Amino acid sequence: MTYITRVAEEEATGSLKQDFEFVSGSYSKAMNMKVPTPQVYTTNTIVPAYFRFGAVQNRVLTNDGQHDQKPGQVPNILVNFALSFYSSCFY
Amino acid sequence: MLPFIYPGQDAKAILEDVQSASIPDVHKLMFNWIESFTRDSSSLTQGDINKLLQGGVSHQEIVEWANIAATQTWFVMSADGGGIPLEGNAVTGSVIGLEREKYHAAEVLTSPASDTEVQINDLSWVDRDDSHIGSELKDWASRRYGFVPNFFMANTLAAGYFRRHILALELLDQPQSKSLGVEQHALVRRLVNRLNKGRYFDQTTVDYLKCQNPQAEVLLAQGIAQGDFSAFTEQDRVVLAFAEKLVKNAYKVTASDVKRFLDVGLDEEAYVDVLNTTSIQTSMDRTANALGIKPDEKSLIVK
Numbered sequence: 102m103t104y105i106t107r108v109a110e111e112e113a114t115g116s117l118k119q120d121f122e123f124v125s126g127s128y129s130k131a132m133n134m135k136v137p138t139p140q141v142y143t144t145n146t147i148v149p150a151y152f153r154f155g156a157v158q159n160r161v162l163t164n165d166g167q168h169d170q171k172p173g174q175v176p177n178i179l180v181n182f183a184l185s186f187y188s189s190c191f192y
Numbered sequence: 002m003l004p005f006i007y008p009g010q011d012a013k014a015i016l017e018d019v020q021s022a023s024i025p026d027v028h029k030l031m032f033n034w035i036e037s038f039t040r041d042s043s044s045l046t047q048g049d050i051n052k053l054l055q056g057g058v059s060h061q062e063i064v065e066w067a068n069i070a071a072t073q074t075w076f077v078m079s080a081d082g083g084g085i086p087l088e089g090n091a092v093t094g095s096v097i098g099l100e101r102e103k104y105h106a107a108e109v110l111t112s113p114a115s116d117t118e119v120q121i122n123d124l125s126w127v128d129r130d131d132s133h134i135g136s137e138l139k140d141w142a143s144r145r146y147g148f149v150p151n152f153f154m155a156n157t158l159a160a161g162y163f164r165r166h167i168l169a170l171e172l173l174d175q176p177q178s179k180s181l182g183v184e185q186h187a188l189v190r191r192l193v194n195r196l197n198k199g200r201y202f203d204q205t206t207v208d209y210l211k212c213q214n215p216q217a218e219v220l221l222a223q224g225i226a227q228g229d230f231s232a233f234t235e236q237d238r239v240v241l242a243f244a245e246k247l248v249k250n251a252y253k254v255t256a257s258d259v260k261r262f263l264d265v266g267l268d269e270e271a272y273v274d275v276l277n278t279t280s281i282q283t284s285m286d287r288t289a290n291a292l293g294i295k296p297d298e299k300s301l302i303v304k
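Just so you know, the sequences run in chain order V and H. Our numbering runs 101 ahead of the 1-based position in the first sequence. Our numbering runs 1 ahead of the 1-based position in the second sequence.
This is chain H alone, in the form it adopts within the complex (with noise of 0.2 Å):
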């Protein structure tokens, strides 16, 4: 047992037993590195994935923690943004055992936003096995974009991923609920992507919101810039604030967020779209920064 997870203790003295001597050095480097992953992931570079190598960490295990980063992303966004109390059963809550609101670590030690430059020479930072590009992936991809994907070829190491991340672009084509508009859809993951720095998706989600919108894009740029969206409507803004927050500090979701959606005459289905269109996002944007996956030539529309 370790002892960062016992109870009675506080961000800061977890932070502490982190960086103390009591765990495994490769548990700390698993820790700095999904720090970053979830409070800046644009400033991860391939001397991140150089020093947990060093570290004795290998290939397989770095890509199997970006996938593991990017499915707990959407459990902690859709715990947060429903509302979820600690449960005995849950995944995190069982093993801690402890009141969540001792815990605001995302207040601790938060990293300045990040401009940092990114090379990436060849498809990722990290080794791959095309043996497991399958022919029922090179099937979908095919059908959907003429290619196989770089996200898909970057995470060969963790091929049992393959069927949550072809559901996750299935599921960002469009809105799942008729009460989210695909104009607000398109919105919402330029901007989840923009928050998140996300080279990967940056022209696909440039794209997408082009084909409902051609202005949006500078509008939303300024919006970002300027902290204000009143170029958009009054709905399109509060569907805005909501995604913005829960990219930041999930956390931080009250039902007031739900009460404003209703307020504008949208409903609970567009919050819950809203909720995994960021979340889902997110998750893809993250790990793609993580592991350096290279852009496609193309973007990820279907075709």
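Next comes chain V alone, as it looks inside the complex (with noise of 0.2 Å):
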């Protein structure tokens, strides 16, 4: 149970909606599979300027959804499950 209200995926409309089909088909082409949005990203939707930053933060971390960078010595997810460890979050 989250703790408040959210805008459902296919009940966004304007922008809300161009930002959940971003990031669905971002996280669908990563996965290899048709993935609703996470629900992360949902806890913004009832101010849509928020919802667009994780959004313009998904196309940053994935090349705008392509998941072609090139990898470092240490696993992007790594430095990610890192900060969420330190930070007891593992979502």
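A few of these clues could be false.
[Unchecked claim] Residues from chain V shown here face chain H by an in silico Cβ test under 10 Å; the list is partial:
| no. | residue |
| --- | --- |
| 1 | Ala109 |
| 2 | Ser116 |
| 3 | Leu117 |
| 4 | Gln140 |
| 5 | Thr143 |
| 6 | Thr146 |
| 7 | Val175 |
| 8 | Val180 |
Keep in mind the hints are simulated off the structure, nothing from the lab. Note that this is a predicted model, so its numbers are computed, not measured. Backbone N, C-alpha and C fix where the C-beta goes; we use that ideal spot for every residue, glycine too.
Put the two chains together into one complex, using the hints given.
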């Protein structure tokens, strides 16, 4: 049960709908199967400017949803994990 | 597959694995640096950057790590602030596959607050490539501030994140809902910056708050020192307490924090506004602290 009201992906309109489509498409490409937008983005659906910020961050992290970045010495997801770990957030 | 992402471990076991010889040294270096980034970014120094360089990490990787950490800071606060449960395709949840209540690492090895004096003689502690400052960024920065902020100059080795930082600064200009007052928004930015001991945005958040209420800076400083914000209105106290909890321990946020907003006449949009103002300001403060970015000569207030 989340804490606040959220706009469902299928009910989104305008910029919210566009951003939902992009994020969902980006994750679907990464996972090679159709997946809905992860819930962490939806915390911000009632203030679309912040939902857009989440979508832009996904664009930056995934090269606009292409997921074709060069691997470094440390996988990006491990950096994500470290920060989540030390924050006690394991979403 | 690294050992610490196998299921069935608690936080202490994960920490032991991070410190053990079974993972590559560069991973250990990353974990240690990100731990400081998360717990007390103001304690990081040029010596920490040098340690990474000596361990074979490049300037570009360091800047990339700082920028990844900035984005993840926002995701962490959005997840915990929104009460989002673990789900199958979550970024870290999919890797870990564990019950989150086992992992309160924030209660383990908590670093004391630091008042480290930091010297920044150059623009930052990391190399840069000014050719990545393109005309679009120059035009945007010139229109807003009259100069290109050091924040961008210091992050040229991860220029792909510029559009994220541009939007972040635009969002921090003002509340993004009609429910949160401009003065409340300025109070949140200033409180968050002070809690993060963010050197880079110090003067910016002071000046932004002064524009809204010239007396508030002194009251806020007293409130932080005494742990008592009684000089502020009931609404402001709820907003400030929530922002403080997010910065210090976002995982402790519960549905009761939303209820407190509603009880004092604020609404869910105001809650989301404070949540994002806090997470975005924190992400920028910690990145600047970690890379040793020298403050600009003028505040980042839109002309």
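Against the structure, the hints come out as follows:
no.: 1; hint: Ala109; in the structure: violated (15 Å)
no.: 2; hint: Ser116; in the structure: violated (13 Å)
no.: 3; hint: Leu117; in the structure: violated (13 Å)
no.: 4; hint: Gln140; in the structure: holds (5 Å)
no.: 5; hint: Thr143; in the structure: holds (7 Å)
no.: 6; hint: Thr146; in the structure: holds (9 Å)
no.: 7; hint: Val175; in the structure: holds (5 Å)
no.: 8; hint: Val180; in the structure: holds (4 Å)
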